[in-house]
Amino acid sequence: MIVADPKPFGQVKGYLENFERILIVGCGACTTVCLAGGEAEVRLLASGMRIAFGRDGQSKTILEDCVQRQCDVEFVLPVLSRVDNEKIDAVVTIACGVGVNFLADRLGKTPVFPGLNTTFYGAGMEPGLWAEMCAGCGECMTALTGGICPVARCSKHLLNGPCGGSEKGKCEVDPANIDCVWQLIYDRLKRLGRLDDLQNIIAPKDWRTAADGGVRRTIREHLYKLR
Amino acid sequence: MDKESPQISSGDVLSTCSAACPVHTDTREYVQRLSRGDYEGALDVLLEVNPFPSVCGRICHHPCESECRRRAIDEAVSLRMLKRFVVENTKEYRIARRKKPADRKAGTVAVIGSGPSGLTAALDLTLRGYRVRVYEKDSKLGGMLAHAIPRYRLPVEALAEDIEDILASGIEVKTNCRVGTDISFDELRSENEAILIAAGLSESHSLSIPGAESNGVFPGITFLWDIANAMPPEMGDRVLVVGGGNVAIDIARAAKRLGPSKVYLACLETREEMPAWKWETEEAEQEGIEVLNSWGPKAILTENNKVSGIDLKRCTSVFDDQHRFNPRYDESVTTRVEVDNVILAVGQKADLEFLTKTSVAIERGRLLCDRASMSTSERGVFACGEVMTGPGSAIQAIATGHEAARVIAHFLETGEKLKLPQRTITTIGELPAATAARAKRVDRVEVSLADPAERIRDFSPIEPGYSEAEALAESRRCLACASGAQLKFPEHCAGCLTCVRVCPFGVAQVRGTAVMPAQQCQTCGLCAAECPAAAIELSRFDTNRMKDTLRDIVKRQGTSRIARPLVVSYCCLNETTSRKFLWEQTDEEIRQSGIVRVMVPCVGRLSALDLITPFELGADKVAVIACAEKDCFYSGSEELLSRRVTRAKKFLDQIGVGQDNVQLFRTDGNAEECWPLIWEELK
Ligand SMILES: Cc1cc2nc3c(=O)[nH]c(=O)nc-3n(C[C@H](O)[C@H](O)[C@H](O)COP(=O)(O)OP(=O)(O)OC[C@H]3O[C@@H](n4cnc5c(N)ncnc54)[C@H](O)[C@@H]3O)c2cc1C
Ligand code: SF4
Ligand code: SF4
Ligand code: SF4
Ligand code: SF4
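Just so you know, the protein sequences line up as chains A and B, in that order. If you number the first sequence the way our numbering does, the last residue is 280 and the count never jumps. If you number the second sequence the way our numbering does, the last residue is 684 and the count never jumps.
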């Protein structure tokens, strides 16, 4: 899933200084799960805004909403009509960046601001901890590396590691918190009886699938342009 | 009033305590109200289904406790004592809340017998608007409650409270009026549309052994009746009671209070088989009564036409293979006990003489009745209480009184018989062992009975009631079963697993969306406080209501009129030992003190939002006062709460309020002394 962190409160508040009727919209999917952008966070942020603006002597109207997923039209339609009907003049979304874009594309003249910094595709490692696992590079390499991604999980994105900074299984970038992924790959391949695979140098990666050629799109023929 | 408790609608899942109660008292609700300091509200719950709460608070055999789910953890909640506390502390309110029937309906009913069943039916019918007259052969109302149950267990005042309350509804009573002699049954029939026979079992069975009719042999019920009416019989120095049930124990203990040096109780049963409650037998023994188990009466001996002793024979078994009462004896093993009196407590029967020349059918000495329709062989003649069911308990008799009223009202309205529907009760079931193992053990608050040597001097009540602090403490042992967390907004649940991870009892699970099985949930509220989707709600504690209260208070007062700083103080109500801080605050109190109290059953249920919202509503500071260290019922709650407070502090810094404005405190000692100091400190 997509992991995100709250932006500093002051930054978000700064976006809103010149608006009166503000809608904060959460997302019931990834950002709920990573405890950054669900219904509960919407309420907390909204309450915080009311208090903070109130202390500045400004009485703004802060409204709240949360949709099941901000990255699908059907789910965001009610938000769009709310913006129209309730004369909202700014929207803050605490979905990931996808939600910000998705709303911005559809909101006409109403500005939309991010309440979160979207950080990575990751997994919940233990309660309260998420870690990056995939970089969305468009050409999955993990068959070569025992299922462990060097693109996402190596600090230097090395395809043929480890580098000289690998020490006692830890990455030099932050030895206290980061495992050297090439150590993990080594251990994994050893358990799989495939250590020999490491003799093969992985060829330079074709990065076109990751970024090249403009915005990436995916089409499923069996549903696309259905009438 | 219906057979089904008005507090329970079909389809409800009951906690086991309510299910076990014959009138299905909403036990959980009254205990929860008590714990919140709402004693009056608790009384309302009790009176809704039971017109005899004062009596039951003293002598109910409390099937609710026997089924309390807390037994899986340690011991049952002391429900009877809590009930007693409620009635003893709401006397004025009870008088004030009395109401008369709204409208009168055509139809008069005569009730024969003023025991708990008869009076219950009379009350229900009166409140429905019918004219009811109760005929009682004795001078006092209450049946066995007034005449048999000894005063050391049921003081006159307790019974009087219930009876006065019942009579306030406008029931007419005719005491000293024995149907059959003072007024004939047929006369009653001609004067009334319906008759209810609630005559109880007022006669003791006798024994067909030699000497049973001798001078100095007393029938048990008569014996108690005479004591209750201040006419204790002449007795010698050694007494033996025959019987092993609760009535026999009462008789033995009552006899002991009249001064004999030796009181025996002989019964057929072994110790384990004795039908008397275990605790009653133990209390009797403490009072010096000697229990002779597995002995049957063989002959009562006399000298000079007076009882001189009793021969007993060994009873080898009481029940046959089909568990029917069918005692067997070994006649070769006998013993002789020298006594001056023998009292028989070997069962009771109805005195149905008043029906002998009527058309109401009697079969082998018992009133012929149909349990499902509460009716006798005669149209318009109904029955309830022990005359119908055989010996039981007061609360069972009360339950049948409700049923009879329902059937009679139906008859008066339609002229038809009503067969009461058989209702199956769904309960929440036992507390699973795995959950119980994780729950905190809390000792039941016990009271100590008067010293046995003191007890046997007279008929003074032997059991002290709970103090307020004791009652509040005991009420908090109730697990509030079946009122736990619910996924109120399943469409919001993201299956994030947070609830699963924070639940201290391993209850919450995610199967598609979250599930919190009611059977296991301990209502700690931690899941609801942490759910990022705000999808979980607790029926026991609704933060929205609390916020409304807060909003209301601040709005009504206007912040400028309140002493500053204005502090919202969330307090763990489990630490209170009186109602001092449980009462709702007056506007004046809030204005002068600047303290708004919000009582929470465990402050661990407060979400981060709950800690922030007060500032939005005009508060200057928020205090969270938790219980004393390690006092919390819910493991893990303390840790989560302190982290939530830390989070709120950071957030307050960010929004410019300042982290010092929210603070977490612990109660030190009792709330009444400790909390004012905390508030002082904050000011
Ligand atoms: C010694 C003893 C101890 C008990 N202890 C407990 C206890 O601790 N807990 C508990 O729950 N239960 C206890 N019980 C049982 C409880 O008292 C009975 O279940 C209950 O009283 C039965 O109520 P009832 O309305 O059926 O009849 P009763 O209470 O027997 O009332 C019947 C009434 O009808 C009257 N009556 C009879 N014939 C006539 C007539 N012809 N005309 C006018 N009036 C008439 C009688 O005088 C009596 O007042 C005890 C019973 C006894 C005997
Ligand atoms: S130490 Fe390991 S994870 Fe870190 S940069 Fe080098 S190879 Fe990559
Ligand atoms: S814990 Fe409370 S609600 Fe549960 S069975 Fe016992 S008394 Fe009833
Ligand atoms: S914490 Fe809330 S959103 Fe997460 S699984 Fe439980 S109910 Fe669903
Ligand atoms: S209320 Fe407490 S016991 Fe019940 S499911 Fe939630 S966390 Fe678990």
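These are computed hints drawn from the structure, not numbers from a lab. Hints may be right or wrong, so weigh each one.
[To be verified] Away from chain B, derived, C-beta distances all over 12 angstroms, residues of chain A:
1. Ala82
2. Thr84
3. Asn138
4. Met194
5. Ile255
6. His275
[Stated by the list, open to error] With a Cα cut of at most 20 angstroms, we get these calculated EDC-like pairs of lysine to aspartate or glutamate:
7. Lys279(B) - Glu291(B)
8. Lys113(A) - Glu617(B)
9. Lys66(A) - Asp352(B)
10. Lys420(B) - Glu379(B)
11. Lys548(B) - Asp232(A)
12. Lys489(B) - Glu117(A)
13. Lys650(B) - Glu640(B)
14. Lys60(A) - Asp654(B)
15. Lys141(B) - Glu332(B)
16. Lys66(A) - Glu332(B)
17. Lys299(B) - Asp322(B)
The model shown is predicted, which means the values in this text are computed figures rather than measured ones. Heads up, the beta-carbon is just placed ideally off N, CA and C, and yes, glycines get one too.
Right, here's what the structure says about each hint:
no., hint, result
1, Ala82, "violated (6 angstroms)"
2, Thr84, "violated (9 angstroms)"
3, Asn138, "holds (22 angstroms)"
4, Met194, "holds (29 angstroms)"
5, Ile255, "holds (36 angstroms)"
6, His275, "holds (26 angstroms)"
7, Lys279(B) - Glu291(B), "holds (15 angstroms)"
8, Lys113(A) - Glu617(B), "holds (13 angstroms)"
9, Lys66(A) - Asp352(B), "violated (85 angstroms)"
10, Lys420(B) - Glu379(B), "holds (15 angstroms)"
11, Lys548(B) - Asp232(A), "violated (46 angstroms)"
12, Lys489(B) - Glu117(A), "holds (19 angstroms)"
13, Lys650(B) - Glu640(B), "holds (15 angstroms)"
14, Lys60(A) - Asp654(B), "holds (14 angstroms)"
15, Lys141(B) - Glu332(B), "violated (45 angstroms)"
16, Lys66(A) - Glu332(B), "violated (97 angstroms)"
17, Lys299(B) - Asp322(B), "violated (24 angstroms)"
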